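Here are the chains, one letter per residue:
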Amino acid sequence: MSQTILQLQNIEKSFDGTPVLRGISLDAAAGEFITLLGSSGCGKTTTLRIIAGLECPDAGRVLLEGRDVTDTPPNKRDVNTVFQNYALFPHMTVAANIEYSLKLRRRPKEEIARAVAQALELVQLTGYENRMPGQLSGGQKQRVAIARAVVNRPRVLLLDEPLGALDLQLRRQMQLELKALQQQLGITFIYITHDQEEALTMSDRIAVMRDGQFVQIGTPAQVYDDPLTSFVARFVGSANILQGTVVAAEGGLVTARVAGCPVCARAGQTEFRPGQPIALALRSEQVDFAPEGSGIPAVVKEKSFAGGMLRIALELPDGSRLVASRHGIDQSLAPGQKLCVRWAPEAAVPVEVDD
Amino acid sequence: MPNRKNTRRTPLTSRWMWLTLVPLYLFTLVLVLGPLVYMLVLSFETRADMWGVIPQFTLANYQNIFQPVYLNTFVQSLKLALLCTGLILLIGYPFGYFMARLSPRGKKFMTAALMIPFWTNSLIRLYGWIIVLRSGGTLDKVLMALHLTQRPLKLLYTYPAVVVGMVYALLQFMILAVYSSAEKMDWSLVEAARDLGASPAQAFFTVTLKLTMPGLLSGVILTFIPSMGLFFIADILGGNKVVLVGSLIQDQLLQAHNWPFAAALSVVLMLLTSLMIGLYKRVTHTTRLEGLL
Amino acid sequence: MKKKRRISFSTVYLALGLVIIYLPIALVILYSFNESKLSSVWGGFSLKWYRTLFADKAMFQALGNSLILGLSASFAAGVVGTLGAVGFDRVRPRSRRVIEYLTSMPLMTPEIILGMVFMAFFGMLGIPFGMGTLILSHTTFCIPYVFMLVQARLVGMDRSLAEAARDLGAGERQVFFTITLPLLLPAIVSGMLLSFAMSLDDVIISLFVTGVNVNTLPIKVYTALKTGVTPEINALCTLLLAATLLLVGLSMLWGKISRLTGSGR
Numbered sequence: 001m002s003q004t005i006l007q008l009q010n011i012e013k014s015f016d017g018t019p020v021l022r023g024i025s026l027d028a029a030a031g032e033f034i035t036l037l038g039s040s041g042c043g044k045t046t047t048l049r050i051i052a053g054l055e056c057p058d059a060g061r062v063l064l065e066g067r068d069v070t071d072t073p074p075n076k077r078d079v080n081t082v083f084q085n086y087a088l089f090p091h092m093t094v095a096a097n098i099e100y101s102l103k104l105r106r107r108p109k110e111e112i113a114r115a116v117a118q119a120l121e122l123v124q125l126t127g128y129e130n131r132m133p134g135q136l137s138g139g140q141k142q143r144v145a146i147a148r149a150v151v152n153r154p155r156v157l158l159l160d161e162p163l164g165a166l167d168l169q170l171r172r173q174m175q176l177e178l179k180a181l182q183q184q185l186g187i188t189f190i191y192i193t194h195d196q197e198e199a200l201t202m203s204d205r206i207a208v209m210r211d212g213q214f215v216q217i218g219t220p221a222q223v224y225d226d227p228l229t230s231f232v233a234r235f236v237g238s239a240n241i242l243q244g245t246v247v248a249a250e251g252g253l254v255t256a257r258v259a260g261c262p263v264c265a266r267a268g269q270t271e272f273r274p275g276q277p278i279a280l281a282l283r284s285e286q287v288d289f290a291p292e293g294s295g296i297p298a299v300v301k302e303k304s305f306a307g308g309m310l311r312i313a314l315e316l317p318d319g320s321r322l323v324a325s326r327h328g329i330d331q332s333l334a335p336g337q338k339l340c341v342r343w344a345p346e347a348a349v350p351v352e353v354d355d
Numbered sequence: 356m357p358n359r360k361n362t363r364r365t366p367l368t369s370r371w372m373w374l375t376l377v378p379l380y381l382f383t384l385v386l387v388l389g390p391l392v393y394m395l396v397l398s399f400e401t402r403a404d405m406w407g408v409i410p411q412f413t414l415a416n417y418q419n420i421f422q423p424v425y426l427n428t429f430v431q432s433l434k435l436a437l438l439c440t441g442l443i444l445l446i447g448y449p450f451g452y453f454m455a456r457l458s459p460r461g462k463k464f465m466t467a468a469l470m471i472p473f474w475t476n477s478l479i480r481l482y483g484w485i486i487v488l489r490s491g492g493t494l495d496k497v498l499m500a501l502h503l504t505q506r507p508l509k510l511l512y513t514y515p516a517v518v519v520g521m522v523y524a525l526l527q528f529m530i531l532a533v534y535s536s537a538e539k540m541d542w543s544l545v546e547a548a549r550d551l552g553a554s555p556a557q558a559f560f561t562v563t564l565k566l567t568m569p570g571l572l573s574g575v576i577l578t579f580i581p582s583m584g585l586f587f588i589a590d591i592l593g594g595n596k597v598v599l600v601g602s603l604i605q606d607q608l609l610q611a612h613n614w615p616f617a618a619a620l621s622v623v624l625m626l627l628t629s630l631m632i633g634l635y636k637r638v639t640h641t642t643r644l645e646g647l648l
Numbered sequence: 649m650k651k652k653r654r655i656s657f658s659t660v661y662l663a664l665g666l667v668i669i670y671l672p673i674a675l676v677i678l679y680s681f682n683e684s685k686l687s688s689v690w691g692g693f694s695l696k697w698y699r700t701l702f703a704d705k706a707m708f709q710a711l712g713n714s715l716i717l718g719l720s721a722s723f724a725a726g727v728v729g730t731l732g733a734v735g736f737d738r739v740r741p742r743s744r745r746v747i748e749y750l751t752s753m754p755l756m757t758p759e760i761i762l763g764m765v766f767m768a769f770f771g772m773l774g775i776p777f778g779m780g781t782l783i784l785s786h787t788t789f790c791i792p793y794v795f796m797l798v799q800a801r802l803v804g805m806d807r808s809l810a811e812a813a814r815d816l817g818a819g820e821r822q823v824f825f826t827i828t829l830p831l832l833l834p835a836i837v838s839g840m841l842l843s844f845a846m847s848l849d850d851v852i853i854s855l856f857v858t859g860v861n862v863n864t865l866p867i868k869v870y871t872a873l874k875t876g877v878t879p880e881i882n883a884l885c886t887l888l889l890a891a892t893l894l895l896v897g898l899s900m901l902w903g904k905i906s907r908l909t910g911s912g913r
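Protein chains in written order, with our numbering: chain L, 1 to 355; chain X, 356 to 648; chain A, 649 to 913.
These aren't lab readings, by the way, just hints derived from the structure by calculation.
Don't take each hint at face value.
The list that follows gives simulated cross-link-like pairs (lysine to aspartate or glutamate, EDC-like), each with its CA atoms no further than 16 Å apart [stated by the list, open to error]:
no.: 1; chain 1: X; residue 1: Lys565; chain 2: X; residue 2: Glu546
no.: 2; chain 1: L; residue 1: Lys338; chain 2: L; residue 2: Glu352
no.: 3; chain 1: L; residue 1: Lys179; chain 2: L; residue 2: Asp204
no.: 4; chain 1: L; residue 1: Lys303; chain 2: L; residue 2: Asp318
no.: 5; chain 1: A; residue 1: Lys874; chain 2: X; residue 2: Glu546
no.: 6; chain 1: L; residue 1: Lys179; chain 2: L; residue 2: Glu161
no.: 7; chain 1: L; residue 1: Lys76; chain 2: A; residue 2: Glu820
no.: 8; chain 1: L; residue 1: Lys141; chain 2: L; residue 2: Glu177
no.: 9; chain 1: L; residue 1: Lys76; chain 2: A; residue 2: Glu811
no.: 10; chain 1: X; residue 1: Lys636; chain 2: A; residue 2: Glu748
no.: 11; chain 1: A; residue 1: Lys705; chain 2: X; residue 2: Asp590
The structure displayed is predicted, hence computed values, not measured ones.
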């Protein structure tokens, strides 16, 4: 079990009377890649700034390697940040930018030169020592910002939506590079993004954030397959939320009445009583079509093509909507056609409704 | 968890930062506020017989101002200031406007060309005008050569000479103010107006003028306020014929040694200029003055 | 097309304006080489007045005084104004208005009043008039120029740069010297150049606060203009003009250099 390197305990923060963080707690282990995932305004950047020491929480503690650093100024914490707009010093060369922190620590010249060369090699920018930031492209600035932050070998590296300003191709490439870099260096990465694909690709664990709180913290698989709430289910991937009433629960499965028909879902650890309302999250790619009679009757409403998948919107007997998705565009389904939908019991997960 | 809201500073400020403000505060308080307050106090004191003041409260200084001769000085100064500002506006606005329409190279050239006189000592330029305007000076030579006049004109030491001198001295403030405002203007708005059917004149008055108003107004302020106080131009170009408030204050201070009266005059002058600035702020809704620079 | 005609009118206007603006200056230069004492007569090309100028000890003293004054005032204003602008950044918005107003007071006050006020104030405090009072008063009216120029640049500067520096291990003072100051330098230099020019140009305030023995160049020129002009003044003015040209050229060069090294945006 690797040691816990960073702990956030019940952090609260308000700006001008508006609460931004309402008590968040997190434990990050050494060498872990954790992503804070959420839409804008949920408090991810504020959390990062509190970890970096650029803001002070109103309540709660930040512990780094067991030590309380809540009151420590940012220059005395072993944490470095890669800023969203790179924040490269425009009046210094690439090399000067990178060696800035080392010079502050008064390391010997040879050591600095070596470290800078190493850092540039790490981000594949060898030879760029004497360029000025104004002469670099977005992707290159990105790499210099990363090099500058890791040359210190901090215990924790904070990255604030670093790939936001890059185009899609470059972003995909950088995602893989960053992940490889993290594993090579063994530094704990705390990464911010609003792009769930990015989070799922790179992270060891994801903390889904909403309105200043962590809604769920888990591995990508956990967050995707076992969402705890409807928000998480909808934010990470696309999901249908079906409302129904519990009929019976046994052997890890729960039977419920949805749109007047009996369906099954994974029960997990929760206790269910008959008659209790229940909400099920079902991924659209898990929706199967069956001949009439076996499943919930549905009517095809419209077909659309998005994100490489065919999306079929259906209407259930009680008026609620269901979306199914398939690969390929050729489906002999026409609006108005009647069929039945069903799914494997393990595919549906009970969730708390919070949106 | 204990709530620390009130017991902690944000980590980015420290005591050292306050130190940077101290010199500024000190200077401002001691050398700006102090003297101004002292001036106010002084204006209520009585003048001693030979030199200096007796700390005896009196309103006599202010009452004195209302004497026709002094009141007249104020009125004269105001009239002159208004006249000059008006002329500067008429001459300077088109200049700045045309400058803003030039090509980038033209703009650079003009800005540089204007910089040199701007930084040249005002006295030098004033002296140049003396050469031009004095009897038998350049202007006379030219006019006589063109057979427009028979004899040398007595232009120096007249009111028009003072006006010319003031306009000349303050013109570039207006030009630069209008230029910087016009330069930032979005010309496509004028084109849009023309496209919608406005004649060039209409487009100018409804679009351009409105958009360059900030520059125009700061130009007005930048010229009006100094013109209230630039007495040495009147002194040199107008001789004793044109007496302005500035000369009056200087007189009272250095010749008559009537400090309290000079202070009272200054207070009134300051009130007038503050009024102008207040008007300017009200009209433009600005609180920052760096636009004036 | 209407547009073409308009440009030619504007060109004429601009050209005429430039001619009129430069006319007095050109004349001063011209007559500085005039052999004759009277400016109404052209006596031939001569450097006579320049020789007289260089022989005039009092003139050189006044020049020296002006230079010392200008350099001291612009330097002091540079330091105080810059520090003030940087600290001002951190102050609460409520107190900002007051500080801004007070700091820009000298700019908004007619020079005559400033001169009068300084003189009365120094007199009351019993400070002897001379170079000291000159430097103090010049610094005071120069500070607003530096303050405003530096302030404007500071506002446009990227905040995250200072944060990045802190994040990388710099203490507050180190951030100031390695990041803030270098990036503010263009504004500081502009402010100081402007202060120097303003100080060199000042007549009214200097008249009031100077001591009996201390003469600045503008004062000398002013008294000369009032009492009766020797053509020496022409020569002096021409030289001053040359110096101004040099300064303007330098500041433009500086502007080019600072644009190349980036502005923090």
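Cross-check of the supplied hints:
1. Restraint check: the Cα-Cα separation between Lys565/X and Glu546/X comes to about 15 Å, which is no more than 16 Å; the hinted pair holds.
2. At roughly 31 Å between alpha-carbon atoms, Lys338/L and Glu352/L are farther apart than 16 Å, so this suggested pair is violated.
3. For the hint pairing Lys179/L with Asp204/L, the CA-to-CA distance comes to about 10 Å; that is within 16 Å, so the pair holds.
4. At roughly 20 Å between alpha-carbon atoms, Lys303/L and Asp318/L are farther apart than 16 Å, so this suggested pair is violated.
5. For a cut-off of 16 Å, the pair hint linking Lys874/A to Glu546/X is broken: about 53 Å separates their Cα positions.
6. With a C-alpha separation of about 14 Å, the suggested pairing of Lys179/L with Glu161/L holds against the 16 Å cut-off.
7. For the given pair, Lys76/L sits about 12 Å from Glu820/A by alpha-carbon distance, which is consistent with the 16 Å threshold.
8. Simply put, Lys141/L and Glu177/L have alpha-carbon atoms about 15 Å apart, close enough for the 16 Å limit, and the pair holds.
9. Restraint check: the Cα-Cα separation between Lys76/L and Glu811/A comes to about 13 Å, which is no more than 16 Å; the hinted pair holds.
10. For the given pair, Lys636/X sits about 14 Å from Glu748/A by alpha-carbon distance, which is consistent with the 16 Å threshold.
11. The straight-line distance between the Cα atoms of Lys705/A and Asp590/X is roughly 28 Å, outside the 16 Å bound, and the hint therefore fails.
Hints 2, 4, 5, 11 from the earlier list are contradicted by this structure; the remaining hints agree with it.
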